[in-house]
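Kindly generate the complete structure, drawing on both the sequences and the hints.
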Amino acid sequence: FYSVFWFNKLQYDIILFMSDFNFSFNAKACQVCGAKCCRGESGNVFISNDEVVRIASFLNISTSEFIDNFCRKVGYKLSLKELKYNNEYFCVFLENNKCQIYPVRPSQCKIFPFWKEFKNNQNQEYLKNECIGVIFNEEN
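Sequential numbering of the sequence shown, starting at 753, is according to the working numbering.
Source of the hints: derived by calculation from the structure; they are not laboratory data.
Computed from a predicted model, the values in this text were never measured in an experiment.
A couple of the hints might just be wrong.
Straight-line distance between alpha carbons at most 25 Å, and here's what the computed DSS-like set of lysine-lysine pairs gives [as the list claims (entries may be wrong)]:
| id | residue 1 | residue 2 |
| --- | --- | --- |
| 1 | K868 | K829 |
| 2 | K825 | K868 |
| 3 | K780 | K868 |
| 4 | K850 | K780 |
| 5 | K862 | K836 |
| 6 | K880 | K788 |
| 7 | K880 | K850 |
| 8 | K880 | K780 |
| 9 | K871 | K788 |
| 10 | K788 | K836 |
| 11 | K850 | K862 |
| 12 | K825 | K780 |
| 13 | K780 | K871 |
| 14 | K788 | K850 |
| 15 | K862 | K829 |
| 16 | K862 | K880 |
| 17 | K862 | K825 |
| 18 | K833 | K850 |
Okay, here's the thing in structure tokens:
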């Protein structure tokens, strides 16, 4: 899925690349960013049936309990619920700027910032403000 790792001499940074994107991503930046990708404007984190089962199992609850407490329907899909605090929305699993389900987080979360919205220079300014781990290629 990701193609290259690069290690900085001073500290071990993991730099991820994906074809068709004009940037790379320093995964280590997640440790200091304040979970900006998990908060802000209202949005959807869609989850598959397999992810429902995996997350419910991780939380040691039934799938129906998981859906009732942590999901909302958006059309024919399920999305994780959000909590609103001070005019900002937070993922229901974000606590103290850490994901409480990180080992089983949804694939939509795993692949950020490599979303189709950010391919081919699309929404580049938004992404620059959203994610401090994004490193744009020099030709852009």
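### Message
When the structure is checked against the list of hints, which entries are broken? Sort them ascending.
### Response
12
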